[in-house]
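*Asks:* So the protein lines, in turn, are chains A and B.
When the first sequence is numbered by UniProt numbering, its final residue is 288 and no position is left out of the sequence of numbers.
When the second sequence is numbered by UniProt numbering, its final residue is 288 and no position is left out of the sequence of numbers.
Mixed in with the good hints there might be a few duds.
Put simply, identical chains are the same to the list, so a pair is met inside one copy or across any two.
[Unchecked claim] Dumping the calculated BS3-like pairs for lysine-lysine here, alpha-carbon to alpha-carbon at most 27 Å:
| no. | residue 1 | residue 2 |
| --- | --- | --- |
| 1 | K148 | K210 |
| 2 | K13 | K150 |
| 3 | K210 | K13 |
| 4 | K42 | K13 |
| 5 | K166 | K210 |
| 6 | K42 | K267 |
| 7 | K210 | K150 |
| 8 | K13 | K148 |
| 9 | K42 | K210 |
| 10 | K150 | K168 |
| 11 | K141 | K13 |
| 12 | K267 | K70 |
| 13 | K210 | K168 |
| 14 | K267 | K166 |
| 15 | K210 | K70 |
| 16 | K267 | K13 |
| 17 | K141 | K267 |
| 18 | K42 | K148 |
| 19 | K210 | K180 |
| 20 | K166 | K180 |
| 21 | K70 | K148 |
Hints are computed from structural coordinates only; laboratory data are not their basis.
The structure presented is a predicted model; accordingly, all values stated were derived computationally and were not measured.
2 protein chains.
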Amino acid sequence: MFYLIGLGLGDVKDITVKGLEVIRRCTRVYLEAYTSVLTVGKEALEEFYGRELLLADRDMVEQAADEILKGADVSDVAFLVVGDPFGATTHSDLVLRAVNAGIQYRVIHNASILNAVGCCGLQLYNFGETVSIVFWTDSWKPESFYDKIKRNREMGMHTLCLLDIKVKEQSTENLMRGRKIYEPPRFMTVAQAAEQLLEIVENRREQGEKLAITEETVCVGLARVGNDNQAIRAGSLREMASSDLGGPLHSMLITGHLHPLEVDMLKLFSDPEGLNSLKMTDSSTYTS
Amino acid sequence: MFYLIGLGLGDVKDITVKGLEVIRRCTRVYLEAYTSVLTVGKEALEEFYGRELLLADRDMVEQAADEILKGADVSDVAFLVVGDPFGATTHSDLVLRAVNAGIQYRVIHNASILNAVGCCGLQLYNFGETVSIVFWTDSWKPESFYDKIKRNREMGMHTLCLLDIKVKEQSTENLMRGRKIYEPPRFMTVAQAAEQLLEIVENRREQGEKLAITEETVCVGLARVGNDNQAIRAGSLREMASSDLGGPLHSMLITGHLHPLEVDMLKLFSDPEGLNSLKMTDSSTYTS
């Protein structure tokens, strides 16, 4: 059996009892190591599970999937994914390869950022399409995520923005020279995401476009959701740009129409007067 | 501390290790008993946890929240929710009451149907607004969910349809006489949801409306997601109406634009020729 097991979002103890039992009886256990991170490292997981973990980076999953699946028809192999196996990144490719090789598979679900963001009080029902915000470079500043947020806002829907992660990236020089030397990992912060979004707002304003988002739009910054030291901050987009939510991972929510109960929840995470004043200027916000 | 703990979707072992540890040390443990169900009952949970559970039905959570929170400022009280505490039903009200009473709270997340449906291979990124389909009566046949699905479809987005649960409902007679006698619980099946949707499609056709959904639209029926005996079935809306996916809980997905990898995954859950023919008639479906 090939098991895809979600690890949840926080630390070693966020795995399910079922998942832990499977890990302890598997022949080999892989840890997917490129789409997300826990607040603890591989060593802490190995100690808690009492098992050695094999790191599976993007290259390995794409190029050596057969190696991962080897023997899973006669013994148990597990593939561990931070969050849920079908959360922010799907592992359909591994599933299809398993099925084609006559290997049975099973999924052991867990929380993913896609549902855990509900902890800030915004109703998951009322989210539109999820967007990804990537690190801009000097020459590449895509704005497509703005248009998706805009579309969601126009329908009164909230937007979850997943923020870029750069793991095992090569510098242009190392890439061209074929040197497998990697840059330190980078994780986009809420402040960085908000700055990029503010730049787009400014561009659109200059173009005379009717703005779906302004500096005053109510946003929520989240960091390390599900962990004991998680941080949640509600405020204007402008406030997000100067926020400091600490270490990774960060996510940002752009609100749509707010229900009174949602406003009450967001107030738990904002300056005492912050959201009261915002209600006056942000048209999509609930006004009582 | 007041703990909101998600139980996941399957059986007793879908709780996280962290959640289990908290339950075992709490003074009182409540089990929320109205928005969802596991495939096992209260007794199985009590045996696995080694703890007595206090059932909290809707009346109690709404009218006796103070009782639930009592003493949580000086000792630990847990409130267990099937899925994730902020999944399909939010428990913001309990959180706000706790905060107002000066009680600290913590959330222990888990999988919810909102992310676990990713197991069928549809990308969670590409879902629009979630809709609820309620049981129609002879005199009350709301169609608003159709218009939300239509809006999602027009943007190429998938739709998760949460299907109605009737727990502790009273007959009109018992309600009028104030008798607390409850009807047996009812859980909407994929077939029932599809039938209601087909009736709306027929109505709209008669009204000459341009159809966003037809009998041939690709849908996915899911039952008992996350459990060993889960069932997933991909096929046309017409096929869904005659499907039998067994016991509760059921959910239904209406696809939007399908990526080739999504089609490949759905084929795992459909008749061999089913989705090939559908590609020809359903305009939103990916055609290679």
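*Asks:* All the hints need checking, so say for each whether the structure fits it.
*Replies:* Taking the hints in turn, this is what the structure says about them:
For the identical chains of this complex, K148 and K210 are neighbours both inside a copy (15 Å) and across copies (25 Å), given an alpha-carbon limit of 27 Å. In this assembly of identical chains, the alpha carbons of K13 and K150 never lie at most 27 Å apart, being 38 Å within a copy and 41 Å across copies at closest. In this assembly of identical chains, K210 and K13 lie within 27 Å of each other by CA distance neither inside one copy nor across copies; the values are 47 Å within and 51 Å between. Both within a single protomer and between protomers do K42 and K13 lie at most 27 Å apart by alpha-carbon distance, with minima of 13 Å and 24 Å respectively.
Taking the shortest Cα distances, K166 and K210 never come within 27 Å of each other, neither inside one copy (33 Å) nor across copies (45 Å). In the homo-oligomer, the alpha carbons of K42 and K267 never lie at most 27 Å apart, since the shortest distance is 37 Å inside one protomer and 35 Å across protomers. For the identical chains of this complex, K210 and K150 are neighbours both inside a copy (10 Å) and across copies (26 Å), given an alpha-carbon limit of 27 Å. For a Cα distance limit of 27 Å, the shortest separation of K13 from K148 qualifies neither inside one copy, at 36 Å, nor across copies, at 38 Å.
In the homo-oligomer, the alpha carbons of K42 and K210 never lie at most 27 Å apart, since the shortest distance is 48 Å inside one protomer and 54 Å across protomers. For the identical chains of this complex, K150 and K168 are neighbours neither inside a copy (32 Å) nor across copies (41 Å), given an alpha-carbon limit of 27 Å. Taking the shortest alpha-carbon separations for K141 and K13, neither the intra-copy value of 39 Å nor the inter-copy value of 46 Å comes in at or below 27 Å. In the homo-oligomer, the alpha carbons of K267 and K70 lie at most 27 Å apart only across protomers (24 Å), although the nearest pairing inside one protomer, at 52 Å, exceeds that limit.
In the homo-oligomer, the alpha carbons of K210 and K168 never lie at most 27 Å apart, since the shortest distance is 40 Å inside one protomer and 49 Å across protomers. Taking the closest pair of Cα atoms, K267 and K166 never come within 27 Å of each other, the shortest separation being 33 Å inside a single copy and 33 Å across copies. For the identical chains of this complex, K210 and K70 are neighbours neither inside a copy (55 Å) nor across copies (50 Å), given an alpha-carbon limit of 27 Å. With identical chains, the CA atoms of K267 and K13 are never at most 27 Å apart, being 30 Å at best within one copy and 35 Å at best between copies.
For the identical chains of this complex, K141 and K267 are neighbours neither inside a copy (33 Å) nor across copies (37 Å), given an alpha-carbon limit of 27 Å. In this assembly of identical chains, K42 and K148 lie within 27 Å of each other by CA distance neither inside one copy nor across copies; the values are 36 Å within and 43 Å between. Within a single copy, K210 and K180 get their C-alpha atoms no closer than 46 Å, and across copies no closer than 55 Å, so neither meets the 27 Å cut-off. For the homomeric pair K166 and K180, the shortest alpha-carbon distance inside one copy (15 Å) is at most 27 Å, but the shortest distance between copies (58 Å) is not.
With identical chains, the CA atoms of K70 and K148 are never at most 27 Å apart, being 41 Å at best within one copy and 44 Å at best between copies.
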